[in-house]
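Visitor: Spelled out, the chains give:
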Amino acid sequence: MSGATPSTARRAVRAVGLVLLLALLLAVPALLDSAYWLDLAVMVLVWAALASAWNISAGYAGGLSLGHAAFFGVGAYTAVLLFNELGVSPWLGMLVGAVLAGLLGALLGVITFRLKGPFFVLATLAFGFVVHILAVNWRGLTRGAAGLTLPFDGGPQNMLFADLSTYWYVGLGLVALVLGVSLWIERSRLGYYLVALREDEDAARSLGVRVVGCKVIAAAISAALTAVAGTFYATFIQYIDPASTTQFELSVQIALVAIVGGMGTALGPLLGAVIVIPLGEVLRASLGGGPALAVYGLLLVVIVLTAPNGLIAGLRRVGRRVGVATGVVR
Amino acid sequence: MLGIEHVTVDFDGLRAVDDVSFEVAEGQVVGLIGPNGAGKTTLFNVVSGLVIPTRGRVRLAGEDVARLGPAERSRRGLGRTFQVVKPFGGLSVLDNVVVGALTRGQRVGEARETAAGILTRLGLERFATTTARSLPLALRKRLEVARALSTGARLLLLDEIMGGLNPTEVNETLDLLESLRAEGLTFLVIEHNMHAIMRVAEHVVVINQGVRIAEGTPEEVTQHPEVVAAYLGEPHESA
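Going down the list, the sequences are from chains A and B.
Residue 262 in this note's numbering sits at position 262 of the first sequence, and the numbers go up by one each step.
Going from the second sequence to this note's numbering is simple: count from 1 and add 1000.
These aren't lab readings, by the way, just hints derived from the structure by calculation.
Remember, predicted model here, so these are calculated numbers, not experimental data.
Be aware that a few hints might be false.
[As the list claims (entries may be wrong)] Ranges of calculated distance between the beta carbons of each label pair, as one might list FRET restraints:
1. B:1113 - A:116: 45 to 55 Å
2. A:119 - B:1113: 49 to 59 Å
3. B:1013 - A:110: 27 to 37 Å
4. B:1192 - A:249: 37 to 47 Å
5. A:305 - B:1113: 55 to 65 Å
6. A:212 - B:1015: 55 to 65 Å
7. A:212 - B:1057: 21 to 31 Å
8. A:323 - B:1027: 49 to 59 Å
9. B:1113 - A:212: 38 to 48 Å
10. B:1138 - A:323: 54 to 64 Å
11. A:22 - B:1052: 49 to 59 Å
Even for Gly, the Cβ is constructed at its ideal location relative to N, Cα and C.
In isolation and in its complexed conformation, chain A is listed as follows (with noise of 0.2 Å):
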């Protein structure tokens, strides 16, 4: 190749790559013009920021979590109880969720760091239907099933729009929020740890990391920023109860999203939400109930079978060999 290095031409393909991305993404409200699509776009937002968070101690750390519903619940019913019963702004309500659910993680991870592989996860999920026994039971706080309303009487000042497409700008910002997080803690001394002691922890230990406060600090980023997702949700659909907020179902979801789109990477999990939550949509709008689930279920277990290490690795190789086939990259 003469003229332009590689390196040059491939940084100038990804600017504007992410040029048009971000332009595409800002235009979505315009080219979305029905509200059920919008609708879709904003909870395939909110599957990204809980995948994306899930993946911080998950792909990272290694700590395969299936109790992460019990954060996003912490998140959704704070900020609501704050609001119905003190007047708080949600906004305000949304530090406080993710500070109790970083403080709840935290307490998890100090709990839950000795437990390898199949023990950690049963510790995770046991944890998990505390939370959502709790969100259940407590009737006196929390209303139990009958779940809680948030009323529209906000205005952005309360995390409540009228129109679909701030949230859906809102809803941006949440999942840049936790990219963010995430691009930061793999360039950072912390993810150099985490993925260290992801690998193997006694190997880690001997060369001086401290395993225990890594795992227990990327639990309580992971659960906080969880929650704040929790919380965006709640006042997007401004109606909350235990089977949307702290079901199992969630916790398995969170997870699956991650895994399908490639967990450890920052984009995979963003990719996992893109892909998998419209595909859920669509079967159930067209095929109902059981046969959705069914046709999902394989679909997904084909995914995991042709990209075992997530569907942005798949990409990435389908990107170089257009790279190579156009001469971008060699």
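Start from chain A and add chain B according to the hints.
Guide: Then chain B, alone, in the frame of chain A:
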């Protein structure tokens, strides 16, 4: 530099290490030899903090480190390799080494430079971007050494870093040890390659079935009747 005092390790009734004591002085290269299953690696795990001894103490630079975990011991200048290599398989060779450089307090940028320097020194620079798990075994052994060095350790525990290497590679490794030693590093080395241990170690400790049976210069221990019986099998007159 390192004091091992009356260390005993029981694994569910099996005594892996039985009242072993010895010292490693600063700047020394001490060999730890013994037949398979003698308890050498267990002793390494006790020193590095991965195994808590049933009895006995470990002193690192005069400090009793019994209550310190592996990470804290590493931060006090102890480095080790693993006989069954434990690379961070999914990471690049460079990133493997960066981790250790970070724990000595370097920023990410500095740590990457330190790590690159160490890779060059060990002849691994060509593999910097290779995924660690795809390295051949001989190079993974070398990566173990690179990682141990990355923390800035002053005392290195090397667990069979020459196993499976060809004679040229063994010589390269020995040269590396000599040059590191010239910089003031201290070594405790487990090795099955007797030729190598004779060349590099000035002091040798022999354990058999968890018990220290001999200690001395390489010449002394190889002539020690118990060592000959337990480890070398038969006296070798021609040597």
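Visitor: It remains to establish, for every hint, whether it holds in the given structure.
Guide: Cross-check of the supplied hints:
1. Checking the proposed 45 to 55 Å range against residue 1113 of chain B and residue 116 of chain A shows it is violated: the Cβ atoms sit about 34 Å from each other.
2. Roughly 40 Å separates the CB atoms of residue 119 of chain A and residue 1113 of chain B, a value that falls outside the hinted 49 to 59 Å.
3. Checked against the hint of 27 to 37 Å, the C-beta distance between residue 1013 of chain B and residue 110 of chain A comes to roughly 33 Å, which is consistent with it.
4. Separated by about 55 Å at the C-beta atoms, residue 1192 of chain B and residue 249 of chain A break the suggested range of 37 to 47 Å.
5. A C-beta distance of roughly 42 Å is found between residue 305 of chain A and residue 1113 of chain B, which places it outside the suggested range of 55 to 65 Å.
6. With their beta carbons about 30 Å apart, residue 212 of chain A and residue 1015 of chain B fall outside the hinted range of 55 to 65 Å.
7. In this structure the hint that residue 212 of chain A and residue 1057 of chain B lie 21 to 31 Å apart at CB holds, the actual value being about 24 Å.
8. Hint check: residue 323 of chain A to residue 1027 of chain B, Cβ distance near 53 Å, so the stated range 49 to 59 Å holds.
9. Here the CB-CB span from residue 1113 of chain B to residue 212 of chain A is close to 29 Å, at odds with the stated 38 to 48 Å.
10. Our hint of 54 to 64 Å for residue 1138 of chain B and residue 323 of chain A is violated, since their Cβ atoms are close to 34 Å apart.
11. As the Cβ distance of residue 22 of chain A to residue 1052 of chain B is approximately 54 Å, the hint placing it in 49 to 59 Å holds.
Violation of the numbered hints given earlier is confined to hints 1, 2, 4, 5, 6, 9 and 10; the remaining hints are satisfied by the structure.
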